[in-house]
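**Student:** Below are the chains, spelled out letter by letter.
There are 2 protein chains.
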Amino acid sequence: MRAAILSIGDELVTAGTIDSNSEWLAGQLASRAATTVQRRVVGDDRASIARAVRELADVCEALLITGGLGPTPDDLTRAALGDVLAPGRPLESDPVALQHLNRWFKNRPGEMPPSNLAQAQRPQGTRSVPNPLGTAMGIAGRLGECMIFAMPGPPHEMQTMFLDQVLPQLPLPDAGQVVLTAGVHAYGLGESMAAERLGPITARDSCPLVGITVSESIVTARIQAKGPLPKAQRELENAASVIMRQWRPYAFGRDDDSLSSAVGSLLRESDRTLATAESCTGGLLGKMLVDIAGSSAYYVGGWVTYTDALKTSCLGVPQQVLQEHGAVSEPAVCVMAEGALARSGADYSLAITGIAGPDGGSTPKPLGTVYVGLGQSRGAHVIVSIRRFEFPGDRSAIRDRAAKTALQMLRFVLLDSPASTALLWEVSASVDC
Amino acid sequence: MRAAILSIGDELVTAGTIDSNSEWLAGQLASRAATTVQRRVVGDDRASIARAVRELADVCEALLITGGLGPTPDDLTRAALGDVLAPGRPLESDPVALQHLNRWFKNRPGEMPPSNLAQAQRPQGTRSVPNPLGTAMGIAGRLGECMIFAMPGPPHEMQTMFLDQVLPQLPLPDAGQVVLTAGVHAYGLGESMAAERLGPITARDSCPLVGITVSESIVTARIQAKGPLPKAQRELENAASVIMRQWRPYAFGRDDDSLSSAVGSLLRESDRTLATAESCTGGLLGKMLVDIAGSSAYYVGGWVTYTDALKTSCLGVPQQVLQEHGAVSEPAVCVMAEGALARSGADYSLAITGIAGPDGGSTPKPLGTVYVGLGQSRGAHVIVSIRRFEFPGDRSAIRDRAAKTALQMLRFVLLDSPASTALLWEVSASVDC
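These protein sequence lines map, in sequence, to chains A and B. If you count by my numbering, then the first sequence holds residues 242 to 674, one letter each, in order. If you count by my numbering, then the second sequence holds residues 242 to 674, one letter each, in order.
There could be a bad hint or two in this list.
When the alpha-carbon atoms are kept at most 20 Å apart in a straight line, the in silico DMTMM-like pairs for lysine to aspartate or glutamate are as follows [as the list claims (entries may be wrong)]:
#, chain 1, residue 1, chain 2, residue 2
1, B, Lys606, B, Asp657
2, A, Lys467, A, Asp415
3, A, Lys472, A, Glu457
4, A, Lys606, A, Asp532
5, B, Lys472, B, Glu457
6, B, Lys467, A, Asp641
7, A, Lys467, A, Glu437
8, B, Lys467, A, Asp251
9, A, Lys606, A, Asp641
10, A, Lys606, A, Glu571
11, B, Lys467, B, Glu437
12, A, Lys467, B, Asp496
13, B, Lys347, A, Glu571
14, B, Lys347, A, Asp251
15, B, Lys467, B, Glu478
The set of hints was computed from the structure by calculation and includes no laboratory data.
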């Protein structure tokens, strides 16, 4: 079934009020294997509403409308539906709806305000849909091949009406049919590279359907599988496995997984610990690690050495290194990673120093230049691998990418991925110090 | 000016992904007295996109489109715009866009993936809109009386393109009538207390209109003033001043101000420095401070002493204190704050230790128990003030409230507010150690 959702209200079309009804209805439809082809919001304008109803009825089999059924002059859904469903003919009063209104006001103080009488009206040829929770009755009608349901705006009234009255009338696919969704997340490869690795899986007519999105530098493959439950489940899992494999080693998890939860699981499994030494990220990397409940099992803590003085006093970065190479340099990040290992006793350390801006960039080290050092304690030995990046974006994006990149570098090591595995935005090959 | 907003993406039309671009654009338009007549979301379907463009261009003077400009097969905005703006004619490559792509990939490892070349294409008769932050160029065209702008989906790319490239071209209304908005932010008092302090200012028919919202524990008064520019401006500023005064000392700023920017300005003005010592917040407090550009002028850095061992080795918390009182205790936070001062040489220190959950709560120290210590270096003396809180919410909310509370405590001291100033969720009076 193809459905469309139309939300009506001046407050929804301008900013500040989230159209939660539309979101809820889309979720209800998706979980029942119906396809939402369009979501639309128009203001309290009779002609706009009528036009929207006409256009939407033309592209779907079920049109779900919310809002504009109240008693005030800016409630125009009834009149607009009349313009479309019974043009030129006046609205008529629904006797059942009138009875409901009379009962509603009977046990309440005061008389029914005359304006509420309008709520019993509906276009000729339509039906009234009961609303046990309020005065705004719904309206059910049909235009061509499209069933139309107008429901009230208050969420609890709308939801009850939809579940009890509307849903049973929708021409939904066989109840055996479900729609399952999953996301596979990757970091450190570009969107186009990610798409090329998946190849024909992402074709628009493939089954299950796979689309690629990017949010906060995380590339996500969204999988949608339809059909009878066991088949859809199998297809979903197959597609997820294939994508995880094609995106190896960049894919770090599914759905609610994050880079820090993925790294946390690997550290926990291998019984290893981690310390951090941050400059430009200012604590963001530690924050991401501590976002995960139970992180105290593997994250010991770290240093935010934002000034040169703290880099020297806390982590032992020699003043000579700072003077000759600067705080954003290979030698500096190397000592930061070593110092964090030595002073914490952890098995791994991640050190970050860079230029997050808005000032501080130069020709040899432009804005976005970040060194990430990964320290490993191997018995009496310490190995530090360093990679240099130039992250695009503003201060916030550069720091976010630096912290995520550090986590992915550690993840690669924990998985024994080749040291040569490329990472997005890297500008020089990895070196050991 | 009548505007319409079209968002494109399968993930937006089905449930689960909020269409934040549309919300942001509607806000931008509203603040410039432009009317949004419709907001529409369609999936990644070429015919649906083309139809939406045609229908919307018919009802507005400016159509703002976001999404579908990436390099993957489900990015169909370019093709659909071609169907509408140059039907039957192939897309053409834009030389400036090609140059941008070549430059973009030049300093990055590997070749440009062939799929990215599609991003330089646009319908004949349209113009390319530069995107300094990504590979997805925008497209500007016209259909009848309607200006059309297609912008990329990633919010920071879209917002920059809208503000720098699109906005200056829009036929905005006469500057004579404007809608001005401002927000006044406060932290540490409850919403109902905040409302009571404002009194009749928040009545629905007051002018300017003032509403109170709460987001991430920040209480905000949103002011909206309409009319000719000087009058609206005057009303807005008057209302903001009154609210700042009524909410003293909790109100910390307006619009884009944050607690960390407010604290940063005060530290900078008084030429003082700050160090941090974090346990349960894991670096979040440092991250908030470093969010502010130029924070190196007053934030020296700090410690993330997540384990007991690091509390002892880095900050000198005696093992006896940890054994007798625990890491979440008044004596522990006191030494953390002292240690951070002594080891950094900063003028102020903020120390946080608490139980963020989901486990670890007990009857004497329930989940959400957090001690915040504020250290002040006064010549040879060190003063540490400690407050104890029980923050409601989950792991993430508790840590966010702990970091914000620490910033507000420091702000009160920098403003010489009475030490007795109440703070939301405090469970015992402040003590000095």
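**Student:** Indicate, hint by hint, whether the structure satisfies it.
**Tutor:** Okay, the hints, checked on the actual structure:
1. Lys606(B) with Asp657(B): 31 Å, violated
2. Lys467(A) with Asp415(A): Given that 20 Å is the threshold and the Cα spacing comes to 12 Å, the pair holds.
3. Lys472(A) with Glu457(A): 33 Å, violated
4. Lys606(A) with Asp532(A): 32 Å, violated
5. Lys472(B) with Glu457(B): 33 Å, violated
6. Lys467(B) with Asp641(A): With a Cα-Cα distance of about 39 Å, the restraint between Lys467(B) and Asp641(A) is violated, given a limit of 20 Å.
7. Lys467(A) with Glu437(A): Answer violated: Lys467(A) to Glu437(A) is near 24 Å, above 20 Å.
8. Lys467(B) with Asp251(A): Holds, because 17 Å separates the two Cα atoms, which is no more than 20 Å.
9. Lys606(A) with Asp641(A): 19 Å, holds
10. Lys606(A) with Glu571(A): Within the cut-off at roughly 12 Å; holds.
11. Lys467(B) with Glu437(B): Not OK: Lys467(B) and Glu437(B) at ~25 Å, beyond 20 Å, violated.
12. Lys467(A) with Asp496(B): 45 Å, violated
13. Lys347(B) with Glu571(A): 23 Å, violated
14. Lys347(B) with Asp251(A): With Cα atoms ~48 Å apart, Lys347(B) and Asp251(A) exceed 20 Å; violated.
15. Lys467(B) with Glu478(B): 13 Å, holds
Checked against the numbered hints given earlier, the structure breaks hints 1, 3, 4, 5, 6, 7, 11, 12, 13 and 14 and satisfies all the rest.
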